[in-house]
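Numbering that gives the first Met the number 0 applies: residue 0 is where the sequence shown begins, and numbers increase by one.
Hints listed in this document are in silico derivations from the structure and should not be mistaken for laboratory results. Here the structure is a predicted model, which is why all the values come from computation and not from measurement. Hints may contain errors.
[Stated by the list, open to error] Dumping the calculated DSS-like pairs for lysine-lysine here, alpha-carbon to alpha-carbon at most 30 Å:
| # | residue 1 | residue 2 |
| --- | --- | --- |
| 1 | 152 | 182 |
| 2 | 152 | 89 |
| 3 | 182 | 111 |
| 4 | 49 | 34 |
| 5 | 34 | 89 |
| 6 | 181 | 152 |
| 7 | 49 | 31 |
| 8 | 89 | 215 |
| 9 | 49 | 181 |
| 10 | 111 | 34 |
| 11 | 215 | 182 |
| 12 | 111 | 49 |
| 13 | 89 | 31 |
| 14 | 152 | 111 |
| 15 | 90 | 34 |
| 16 | 89 | 49 |
| 17 | 49 | 90 |
| 18 | 152 | 215 |
| 19 | 215 | 34 |
| 20 | 90 | 152 |
| 21 | 182 | 31 |
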Amino acid sequence: MAFTGGMGQLLVLDVDGVMIDSGGSFETCVAKTLKEMVPDLVWSDEMFWKFKRIPGFNNDFRLAATAVALFEAGEIGRLEDNIGFFPDLKKRIDELEPICGERMQYYYQDVKHLERPLISLPELETIQGWDVAILTGRLPVELAMAFDVLGFKLPAICDSCPEFRKPEPGGMLHLVNTFEAKKIIFVGDTRDDATCLRRARQARPDLNFTFVAVNKLRNEISQLGDLTFETLREFISSGILTATARAQN
């Protein structure tokens with residue numbers, strides 16, 4: 000299905016944690032991959048979410064690769080510092096990422112049944128005056144699986160090339176140009192989602208960008224001027240989108 004009549008207003012949605020509850024599927028895939036590759040590493044979901052609090056780890060293949068590289072270097076304790084991309088390990092992380100990605104996709108087949116939709120098509124169809132599209136860190140094959148879980152499709156940009164990988168703003172700017180949007184709201188749940196929006200705003204200061212933070216990290220990743228809601232459903236039910244569309248008219 001396609002949303003039209005946005006009048007220059009675009010609602011952009013992340014997938015995991017926003018449109019889909021992954022039910023711990025990605026956390027489980029990372030854990031299984033690390034157990035296979037570095038069995039002596041003591042891993043936990045808490046460590047997974049520590050990575051998610053660091054910019055640059057929206058992609059779980061890279062998250063797993065970085066965990067392996069840190070462990071190999073005897074420096075897994077650096078995860079506590081929350082300081083960034085670990086540039087000194089970049090070469091090794093780049094080598095490990097495709098290996099970790101292959102193993103995670105293998106394990107994903109066993110856990111994808113845990114995923115469930117957090118929003119329905121009828122709920123999205125109540126949105127008037129907005130185009131609606133997806134910006135996700137999923138790979139193309141994983142996006143297809145997400146559409147199976149949701150039961151519907153939307154126009155989407157996924158992690159199909161480096162410039163579309165959040166927190167880079169390329170995917171967001173591509174959607175903005177495609178829909179000729181002047182006002183953009185992005186609903187996300189990670190620090191990379193927030194950074195992507197802010198970088199797009201810097202690149203196009205002539206446009207009106209708003210970030211809506213949802214899910215468990217919403218209060219950590221939001222800044223002054225952002226909106227926070229527990230879920231996407233709660234945001235849609237708030238009436239903000241309807242009120243904004245009416246004001247546009």
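Hints versus structure:
1. Distance hint between residue 152 and residue 182 is fulfilled; the C-alpha atoms sit about 23 Å from each other, no more than 30 Å.
2. For the suggested pair residue 152 and residue 89, the alpha carbons sit about 35 Å apart, so the restraint of at most 30 Å is broken.
3. Distance check on the hinted pair: residue 182 and residue 111 sit about 34 Å apart at the alpha-carbon level, beyond 30 Å; violated.
4. Proposed proximity of residue 49 and residue 34 is supported: the alpha carbons are some 18 Å apart, at most 30 Å.
5. Between residue 34 and residue 89 the CA atoms are separated by roughly 22 Å; this keeps the pair inside 30 Å, and the hint holds.
6. At most 30 Å may separate the alpha-carbon atoms for a hinted pair to count; residue 181 and residue 152 meet this at roughly 24 Å.
7. About 18 Å separates the Cα atoms of residue 49 and residue 31, which keeps this hinted pair within 30 Å; it holds.
8. With a CA separation close to 29 Å, the supplied pair residue 89 and residue 215 stays within the 30 Å bound.
9. A threshold of 30 Å between alpha carbons decides the hint, and for residue 49 with residue 181 the separation of about 35 Å lies outside it, so the pair is violated.
10. In summary, the hint linking residue 111 to residue 34 is supported, as the alpha carbons are separated by about 19 Å, within the 30 Å threshold.
11. For the hint pairing residue 215 with residue 182, the CA-to-CA distance comes to about 26 Å; that is within 30 Å, so the pair holds.
12. Among the hinted pairs, residue 111 with residue 49 is consistent with the structure: their alpha-carbon atoms are about 23 Å apart, no more than 30 Å.
13. Distance check on the hinted pair: residue 89 and residue 31 sit about 23 Å apart at the alpha-carbon level, within 30 Å; holds.
14. Restraint check: the Cα-Cα separation between residue 152 and residue 111 comes to about 18 Å, which is no more than 30 Å; the hinted pair holds.
15. Restraint check for residue 90 and residue 34: satisfied, since their Cα atoms lie roughly 22 Å apart, inside the 30 Å limit.
16. Note on residue 89 and residue 49: the hinted pairing holds, with a Cα-Cα distance of about 19 Å set against a maximum of 30 Å.
17. A distance of roughly 22 Å separates the Cα atoms of residue 49 and residue 90; the hinted pair therefore holds under the 30 Å criterion.
18. Under the criterion of a C-alpha separation no larger than 30 Å, the hint pairing residue 152 with residue 215 is consistent with the structure, at around 25 Å.
19. With a C-alpha separation of about 26 Å, the suggested pairing of residue 215 with residue 34 holds against the 30 Å cut-off.
20. Of the supplied pair hints, the one linking residue 90 and residue 152 is violated, its CA atoms being roughly 37 Å apart against a limit of 30 Å.
21. With a C-alpha separation of about 42 Å, the suggested pair residue 182 and residue 31 falls outside the 30 Å cut-off, and the hint is violated.
Checked against the numbered hints given earlier, the structure breaks hints 2, 3, 9, 20, 21 and satisfies all the rest.
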